[in-house]
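Just so you know, the protein sequences line up as chains R, Z and A, in that order.
FYI, in the working numbering the residues of the first sequence are 314 to 623.
FYI, in the working numbering the residues of the second sequence are 516 to 869.
FYI, in the working numbering the residues of the third sequence are -16 to 514.
Quick caveat, the hints were computed from the structure, so don't treat them as lab data.
Even for Gly, the Cβ is constructed at its ideal location relative to N, Cα and C.
Accuracy of the hints is not assured; some may be wrong.
[What the hints assert, rightly or not] Keeping only pairs whose Cα atoms sit at most 30 Å apart, straight-line, the calculated BS3-like set for lysine-lysine is:
(1) LYS603(Z) <-> LYS107(A)
(2) LYS431(A) <-> LYS449(A)
(3) LYS690(Z) <-> LYS493(A)
[Stated by the list, open to error] Some, not all, of what chain R presents toward chain Z, calculated at C-beta under 10 Å:
(4) VAL460
(5) LEU465
(6) ILE471
(7) GLU485
(8) PRO536
(9) LEU539
(10) ILE543
(11) GLY564
(12) LEU565
(13) LEU597
(14) VAL602
[Stated by the list, open to error] Here chain A is said to cover these stretches of chain R; the calculated rule only asks that three of the stretch's residues, wherever they fall, bring their Cβ under 8 Å from a Cβ of chain A:
(15) 349 to 357
(16) 568 to 578
(17) 581 to 594
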Amino acid sequence: MTELDADHANQGLRQWLLSEQPASRRQARSGQAYRAWLAFRANRLGMLGLGIVLALVLVAIFAGFIAPYDPLLGGDLRTERLLPPSWDHLMGTDDLARDIFSRVVHGSRVTLLVVGLVAIIATPVGLLVGTTAGYFGGWVDTVLMRVTDIFLAFPRLILALAFVAALGPGIENAIIAIAITSWPPYARLARAETLTIRNAEHIDAIRLQGASSGRIIWGHVVPLCLSSVIIRVTLDMAGIILTAAGLGFLGLGAQPPQPEWGAMIAAGRKFLIDYWWVATMPGLAIFIVSLGFNFLGDGLRDVLDPKAQK
Amino acid sequence: MTDITIQSEGRASALPGWIIKFGKLASTVAVTLFGLLLVTFLIGRVVPVDPVLSVVGDRASPSTYDRVYLELGLDRPLYEQFYLYAKKAVTGDFGESLLTKKPIISDIARAFPATLELATVGIIIGTLLGIPAGVWAAVRQGRLIDQLVRIFGLVGYSAPIFWLGLMGLLLFYAKWGLVAGPGRIDISYEYAFTSKTGLMLLDTAMQGQWAAFRNVVSHIALPGALLGYLSMAYIARMTRSFMLNELAQEYIVTARVKGVAEWRIIWVHALRNAAVPLVTVIALSYAHLLEGSVLTETVFAWPGLGQYLTNSLQNADMNAVLGSTLLIGMVFVGLNILSDLLYTLLDPRVRSRL
Amino acid sequence: MKHVQKFVAVALMCTAAAFAPVKAQAETPADTLIQAWAIDDIISLDPAEVFEFTASELLGNTYQGLIGYDVKDVSKIFGVIAEKWEISEDGKTFTFTIRPGMKFASGNPITAEDAVYTLQRAVKLDKSPAFILTQFGFSADNVDEKIRKTGDMTFEFEMDNNYAPTLVLYCLTATVGFIVDSELVKSHEVDGDFGYNWLKTNYAGSGAFSIREWRANEVVAMDRNDNYSGDPAPMAHAIYRHIPEGATERLLLEKGDIDIARKLTPEDITALSSNPDIAIDKGVKGSIYYLGLNQKNEYLSKPEVRQAIKYLVDYDTIADTIMKGMVVKHQAFLPLGFLGVLEDNPFSLNVEKAKELLAAAGLPDGFSVTMDTRNTADITAMAQAMQQTFAEAGIKLEIIPGDGGQTLTKYRARTHDIYIGRWGPDYQDPHTNADTFARNPDNSDDAKSKPLAWRNAWDIPEMTKKADAAVLEADAAKRAEMYIELQKESQETSPFVIMFQEIEVIARRKNVEGFVVGPSFNDNSFKAVTK
Chain R
314 MTELDADHAN QGLRQWLLSE QPASRRQARS GQAYRAWLAF RANRLGMLGL GIVLALVLVA
374 IFAGFIAPYD PLLGGDLRTE RLLPPSWDHL MGTDDLARDI FSRVVHGSRV TLLVVGLVAI
434 IATPVGLLVG TTAGYFGGWV DTVLMRVTDI FLAFPRLILA LAFVAALGPG IENAIIAIAI
494 TSWPPYARLA RAETLTIRNA EHIDAIRLQG ASSGRIIWGH VVPLCLSSVI IRVTLDMAGI
554 ILTAAGLGFL GLGAQPPQPE WGAMIAAGRK FLIDYWWVAT MPGLAIFIVS LGFNFLGDGL
614 RDVLDPKAQK
Chain Z
516 MTDITIQSEG RASALPGWII KFGKLASTVA VTLFGLLLVT FLIGRVVPVD PVLSVVGDRA
576 SPSTYDRVYL ELGLDRPLYE QFYLYAKKAV TGDFGESLLT KKPIISDIAR AFPATLELAT
636 VGIIIGTLLG IPAGVWAAVR QGRLIDQLVR IFGLVGYSAP IFWLGLMGLL LFYAKWGLVA
696 GPGRIDISYE YAFTSKTGLM LLDTAMQGQW AAFRNVVSHI ALPGALLGYL SMAYIARMTR
756 SFMLNELAQE YIVTARVKGV AEWRIIWVHA LRNAAVPLVT VIALSYAHLL EGSVLTETVF
816 AWPGLGQYLT NSLQNADMNA VLGSTLLIGM VFVGLNILSD LLYTLLDPRV RSRL
Chain A
-16 MKHVQKFVAV ALMCTAAAFA PVKAQAETPA DTLIQAWAID DIISLDPAEV FEFTASELLG
44 NTYQGLIGYD VKDVSKIFGV IAEKWEISED GKTFTFTIRP GMKFASGNPI TAEDAVYTLQ
104 RAVKLDKSPA FILTQFGFSA DNVDEKIRKT GDMTFEFEMD NNYAPTLVLY CLTATVGFIV
164 DSELVKSHEV DGDFGYNWLK TNYAGSGAFS IREWRANEVV AMDRNDNYSG DPAPMAHAIY
224 RHIPEGATER LLLEKGDIDI ARKLTPEDIT ALSSNPDIAI DKGVKGSIYY LGLNQKNEYL
284 SKPEVRQAIK YLVDYDTIAD TIMKGMVVKH QAFLPLGFLG VLEDNPFSLN VEKAKELLAA
344 AGLPDGFSVT MDTRNTADIT AMAQAMQQTF AEAGIKLEII PGDGGQTLTK YRARTHDIYI
404 GRWGPDYQDP HTNADTFARN PDNSDDAKSK PLAWRNAWDI PEMTKKADAA VLEADAAKRA
464 EMYIELQKES QETSPFVIMF QEIEVIARRK NVEGFVVGPS FNDNSFKAVT K
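Same shape as in the complex, but just chain R (with noise of 0.2 Å):
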């Protein structure tokens, strides 16, 4: 929190940021921003959530630093295999004798790899789908909207499962489900939000520029989209954490040895009874990050989302 008081010292800036009168039109963004922050702030669950993702950001970046063992070398399978958790195993070892601790740490990884990968494919696309159907309007917008229609009519997870089982196990092919099954949503959002400004003055003054369409769609209309769209996606995070452990438990997603917790879990699951740190502790941790996820997702629609703020 120490970069808080460095906000709270420099009291100028402070002053430069809340203006009611903004000189410039960076300013005003900027202005808006902090306000938002500012509201966000005051929200403990939103900030609580906000300090898990940091966490799992660093985490990730560090790994090799945190981690105290190798993930996927294990020790010697006679003697540390199955080892409750201690101070020289925080988390156990599992039946590989490895390092449960050091596996969730740089299994954090693979979740943020997944989540970024995800929120990378997804959002372009359900973002052109989304303004191109709604600048075009008329046909574009039936036949993209009816595709997209498709798309939602099935439950993520069940058309996730179905494209890994075309595609085959894998990590990437497990991203690859995901996002095909992540951007419809987003796309409705911003063709929503792009019905709304289409016909704005300043599109059409750009429009009568002589502007082609891809260009006011890229540069005009996908910016304004933008950040409801981001907000959404950050709001999905959780469930796309859920949905990649839910393959890699089914044994669809990451493979072995690679440490996804989902696919610990599975792993674990046959030691439940006797060694139940095994499954337990991948378990939280997807737990403890999709909760992070949520709560900033929470927060960011309370101050974002004056509907959802009553």
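Fit chains Z and A to the given chain R structure using the hints.
Below, chains Z and A alone, put in the same frame as chain R:
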């Protein structure tokens, strides 16, 4: 977890719009099903598993292999294969399961009641707990109870259900013995009654087999409660938001001024109006429990559609995957339509415009 | 807001009521044997098609073959449905006589007609296990002449060569030779399908139990067959219940909800062995765990590398830890209990020796290689353990996981580097494994038959000849000698790292007695179980 879309655009239109809406609905369903057929067909062709091998196994002689290759029509062009596939699927013939050697449709008919029963118990628990919790949170908005309901709900969204299931089994079954283990019923009760509806709770109750009924209850309690929790989190959240909406309305203020008892205002006036969108929410979370059942059934060895689907997936039994995916999709679409219709029927504001 | 609280309280109570402890019935019915097993591999109940472990065992208890053997000493062969048999001078024709007075569960008498129908049917249906019969020169076109009825109770079985008699007899003990009730099956024939569509989910046998119902991935229910010719089974009913999780089976067994648990992990067995109410039985099974090193890979094709890898598996530790109680160390391609088995285990983990061999191969720094690994728990765990020991000699092993279908598809296309597999013999004769580990008649990519030697692109014309000669040797002692020689050669040169032989473990309630764990799954018998 869920993404509800209460379609607001179509609702404003008058009678012809209603027909247009139906036409749209029908075309959506048709296009959706066709899309699914195409997707599943392509999936079946892309799978890096030799389909002949799945049929004949590893040890078959080369001549057996060639015969089956021809039988499966794998020598024909793709579009022809798809045509045959779609033609059969439309008549409800998804072929035979590689695993059970029975028509997919009969397999599904047997698995579906198990899922239906589980999801129904889940939604009942979810509704019974979710609505009061949501109302309570709305009435005490911003207070401790509101926060608790909120956190409880977010926890429900955040925990992987398969993990909760495993932990539940570990504690409630293995350690404390409070509930029965995986499966729908103990083997000793399995033949104590005849299966008529496929819903064991109903079957045992109707035939007066109370010992078996209790056994079924002890089996369904844990997975049912888990799914209940999942839907409760969502129902409570939506109830809260609908209630807040209603409580801010003019008529509530008027009622208060008139001196109507507070409990009447909440439970009769506000909740009755909030109930309309809530029906939609409940129908949708019912549909989503189908999704939740895939993982839950795996953990609880529940012989339902979810387990059937995952089993088929893991054994590259694509006929079965197509059949069950299609069915789940249809139920999903069906519940969506149903909730939409219910909304139209129940909401006086919408109804008056018809 | 009292009323709200009250409402919530009531709702909570309703939920609590659902959780109220329900006393589990801690005993199974006295006349019913209940076993928990993973029965998801059952895809058919038709003896002409059955090839999987569970279904084999099921048929072993519900059907009878012409021939049987003593499960304690498989070299003791005797007639079951066949009363006796004679072999022609040229060794090509067997004449079987059916034992008189036996009946099917349906009440129909068992005659030569049934035996001939069964064998012809299996050849003509041409399902996966048909090769066990067709290897003697039968085909859909000639089987009507070659297997022929010569009297009400006699028939002839004419082969294209003078195969070793034990090979022929062992093949007839396989499930594909289990005799079906021809009258009953014929009554269900549709469009010349030999009743296949009916029999795959129904029953037409003469064993101790009859199959009442099979629900895939749920349950198989059997009833005592009162027409059985042997001693009637003490149990009136027998049930397999599909419970794929070892931990769950164990809990059910401890609580007395099942009589026998069949799919336990080493941890479950360790935990159960201290329970006074539970007894544990073991039996050596024919399945072998091995690595197949593809000779198309430039590193693996070097003889020194093949031998080095044989020194880089920590056989003993794996057998004592992750596979504890599930396997025994075994390094020859014939399983223990077979004629001519080689019991030497020359290899154990020896990193130094492996390094020397790698250096001799010109690879002192090791190399990178992939291993296609089926994503089941035991195979994955073994692969990961090997990953560690391989690394000690500089071999970087990358695991490519896949489901059974995927890894097998790749293996059969010879596009793997290393394949970790499990091979079970098809019948009790040594030829079953020699045929696949030591024969490769055509190593070209488009070869019709794909034995394991072919799949690893191991071109062995000489060895193939030796294996072919062994099939025709009538003298058992000489034949055994030939197989021992083949196995020794295989240990020294082959791309097969044979590691373990499977042990089957069952845990039963103490009072449940008489379960026989035989060498193959169709020998597992619960005919005589009492409790």
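**Prompt:** Quick one, are LYS431(A) and LYS449(A) close enough, alpha carbons at most 30 Å?
**Reply:** holds, 21 Å
- Below or equal to 30 Å on CA atoms is what counts here, so check LYS603(Z) against LYS107(A). With Cα atoms ~28 Å apart, LYS603(Z) and LYS107(A) stay inside 30 Å; holds.
Q: Have a go at the LEU539(R) hint: is there a Cβ in chain Z nearer than 10 Å to its own Cβ?
A: violated, 20 Å
Under 8 Å between beta-carbons, do enough residues of the stretch 349 to 357 of chain R, three at least, approach chain A for the coverage claim to hold? Check failed, 0 qualifying residues.
Q) Given the proposed pairing of LYS690(Z) with LYS493(A), does the C-alpha separation stay at or below 30 Å? A) Satisfied, since the Cα-Cα distance of roughly 23 Å is no more than 30 Å.
Original post:
With a cut-off of 8 Å between beta carbons, are at least three residues of the stretch 581 to 594 of chain R near chain A?
Top reply: holds (count 7)
- Message: Checking hints one by one. Is VAL602(R) an interface residue toward chain Z, by the C-beta closer than 10 Å rule?
- Response: Hint holds; VAL602(R) Cβ to chain Z Cβ min 8 Å, cut 10 Å.
With 10 Å as the cut and Cβ atoms as the points, is LEU565(R) at the interface with chain Z? Holds: closest Cβ of chain Z sits about 7 Å from LEU565(R), inside 10 Å.
_Quick check on the hint: VAL460(R) CB to chain Z CB, less than 10 Å?_
holds, 8 Å
*Should the interface hint for PRO536(R) be scored as holding, given a Cβ-Cβ cut-off of 10 Å against chain Z?*
violated, 24 Å
Would the stated hint for GLY564(R) survive a check requiring a Cβ distance to chain Z of less than 10 Å? The hint holds - GLY564(R) has a Cβ within 10 Å of chain Z, the shortest such distance being about 7 Å.
**Message:** Take the shortest C-beta to C-beta distance between ILE543(R) and chain Z; is it under 10 Å?
**Reply:** Nearest chain Z Cβ about 17 Å off; hint violated.
When held up to the earlier numbered hints, the structure conflicts with 7, 8, 9, 10 and 15 and fits the remainder.
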